[in-house]
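Peer 1: One line per chain: the protein sequences are S and U, in this order.
Read in the working numbering, the first sequence has 102 at position 102, and its numbers run on one by one without any break.
Read in the working numbering, the second sequence has 99 at position 99, and its numbers run on one by one without any break.
These are computed hints drawn from the structure, not numbers from a lab.
One should not assume that every hint holds.
As the list claims (entries may be wrong) - Derived DEER-like restraints, expressed as beta-carbon distance ranges:
#1 Ser125/S / Ile183/U: 32 to 40 Å
#2 Gly251/U / Pro130/S: 13 to 21 Å
#3 Arg134/U / Pro130/S: 39 to 47 Å
To be verified - Residues from chain U that face chain S, not an exhaustive set, calculated with beta carbons under 10 Å:
#4 Ile64
#5 Pro136
#6 Ile183
#7 Phe187
#8 Thr204
#9 Pro205
#10 Arg206
#11 Ser210
#12 Asp226
#13 Ser227
#14 Gly228
#15 Ile230
#16 Phe231
#17 Leu263
#18 Arg283
#19 Gly303
Because the structure is a prediction, the values reported are computed rather than measured.
Every residue gets a Cβ at the ideal spot worked out from N, C-alpha and C, and that includes glycine.
Here is how the chains run, residue by residue.
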Amino acid sequence: MRVSALMDGELAGAEPQETLRALRADSSLRREWGDFHVIGDALRREGGLGVDITSRVMAAIETEPAILVPGPRRRSVGLSRSLLALAASVAGVAVVGWIALGDAARNDVPRGGGTLAVAPAPTVSASLPPRLQEYLVAHQAHAPSNTPVGATRYIRAVSAERSGR
Amino acid sequence: MRRGLLLLGRALALSGFAVLPAPTFAAPDDGAALLRRVAAAAGQITYSGVFVYRSGSREETSRISHANEAGRSRERIEVLDGSPREVLRVGSQVKCYLPDDKLLIVENQSRRRSFPAVLPAGGAGVAENYQVRRGPGGRVAGIEGSVLVLEPRDEYRYGHELWIDPVSGLVLKSSLLGDKGEILESFSFTQVTIGGPLERDALTPRFDESRLTVRKIEANDLRAEDSGWIFRSVVPGFRRTNMMRRPAAGGAEGLHAVFSDGLAAISVFIEPGAIQGAGGHVRAGPVNVYRRQLEGFHAVVMGEVPSVSVKLIGDGIERRAR
């Protein structure tokens, strides 16, 4: 089984055990699974997200403790989209709701600096939504231009373009 | 290496570029001084080349040309992969052409600063915030480059690695590094010609402006006391370099403040109204964004810095009591 197929979520129908066995074989993925420790803790503390999702997903992950690398906590946790797809295949549930973990504006999620041990997980995407894209252009245009990186940085403003093609 | 430099020198002389008597950027005593010269050189050199921009899994190839025309920088970036896009900067004006969206965004930097720039080019600010050291040299686009590693002194900024052409001072490759040393973003020339002249239309945009919706932003300088806002939280090493009024959605007036540590920049946009969509953190590539609802206003904080930095500034924004 190819790990790339795993990452693309193509094995949604496959046995969770198969999936996890393949994960164990790929050390680069194991590192990212360590993030689930952080997410799990955060979920338990926040309590704002659906309890069903939390318990079912955490139960699936916790059946394979060997996978979870208790590595150093990263300051900011960014889950790649492919990792989310993988989580979905393991737990058999849609975990897209996890993206809401970084959503500080939700009324039902308790706010406060002490809630999370690490910086809140950002919603990670390949490109910014259109409104933010325009801010990025302004940001690039007015940032000090006398930095060593020079002109090439303008590429950021048009690279993260709205269509995400 | 010396023979290579002599050959390069000869090639540059043939192309009309003034040959420096010695490779001035090759063996600096002071990394910060090298950085200052690199920053100054970028605005002076004529060059043209192709570079690859990588960010996460994105990879795009673009052509870039730059020349200094009567003391003003003129540069053009033309994206060669995917949908056609261009950036043209002439002096203090930046134009982003997005023809697939039928959009042209024009931003003008204010010509007159009402307060002096706090941070000189790549100067003291950089050495305060980054440990500058030499790295092992490396070959980029056929040129043997000198490597500078800028290691962040704290967790509020990302690290940089720069490959510099020792003769011209042009940055051939640069990487933005996360806290684990992972590459968040990189620019790397695959081919470059240093020195003029450029091809005739190298700096002319390909797109017909009349077919695009032009969104032109005029930003006007503003004194902090007049802005109506206080930034209580200071991100270590970052100083405010700009404060401007700018148009917001629906004709309202918004605020744009820029903070810099000499290398990285953080922008804060404050506008009336509610946040559209979800607040909190968003990240695309190396750029972290933090949005926060204030009373009757919303703030968008963004920069190529760790999310802890944008959150710190964002959480410290307060309405100034009248």
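Peer 1: Can glycine 303/U be said to touch chain S, with a Cβ gap under 10 Å?
Peer 2: Interface hint status for glycine 303/U: holds (7 Å vs cutoff 10 Å).
Peer 1: Holds or violated: is the Cβ of isoleucine 64/U closer than 10 Å to a Cβ in chain S?
Peer 2: holds (6 Å)
Peer 1: Is the interface hint for isoleucine 183/U satisfied, with its Cβ closer than 10 Å to some Cβ of chain S?
Peer 2: Check failed: Cβ of isoleucine 183/U comes no nearer than 14 Å to chain S, outside 10 Å.
Peer 1: The hint says 13 to 21 Å between glycine 251/U and proline 130/S; measuring C-beta to C-beta, is that right?
Peer 2: Holds: the Cβ-Cβ distance is about 19 Å, inside 13 to 21 Å.
Peer 1: Regarding arginine 134/U and proline 130/S, is the given constraint of 39 to 47 Å on their beta-carbon distance met?
Peer 2: Since arginine 134/U and proline 130/S have Cβ atoms about 42 Å apart, the given range 39 to 47 Å holds.
Peer 1: A closest beta-carbon separation below 10 Å is what the hint needs, so does arginine 206/U meet it against chain S?
Peer 2: violated (14 Å)
Peer 1: When the nearest CB of chain S is found for isoleucine 230/U, is that gap smaller than 10 Å?
Peer 2: With a minimum Cβ separation of about 19 Å from chain S (threshold 10 Å), the hint on isoleucine 230/U is violated.
Peer 1: With a cut-off of 10 Å on the beta carbons, see whether proline 205/U makes it to chain S.
Peer 2: violated (12 Å)
Peer 1: Would you settle whether the hint for phenylalanine 187/U is holds or violated, based on the nearest Cβ-Cβ distance to chain S being less than 10 Å?
Peer 2: Status holds, d = 4 Å.
Peer 1: Are serine 227/U and chain S close enough, Cβ to Cβ, to be under 10 Å, as the hint says?
Peer 2: Cβ of serine 227/U sits 15 Å from chain S, so the hint is violated.
Peer 1: Is the interface hint for serine 210/U satisfied, with its Cβ closer than 10 Å to some Cβ of chain S?
Peer 2: Where the cut-off is 10 Å and the nearest Cβ of chain S is about 20 Å from serine 210/U, the hint is violated.
Peer 1: Mind checking the CB of aspartate 226/U against every CB in chain S and telling me if the closest is under 10 Å?
Peer 2: violated (18 Å)
Checked against the numbered hints given earlier, this structure breaks hints 1, 5, 6, 8, 9, 10, 11, 12, 13, 14, 15 and 16; the rest are met.
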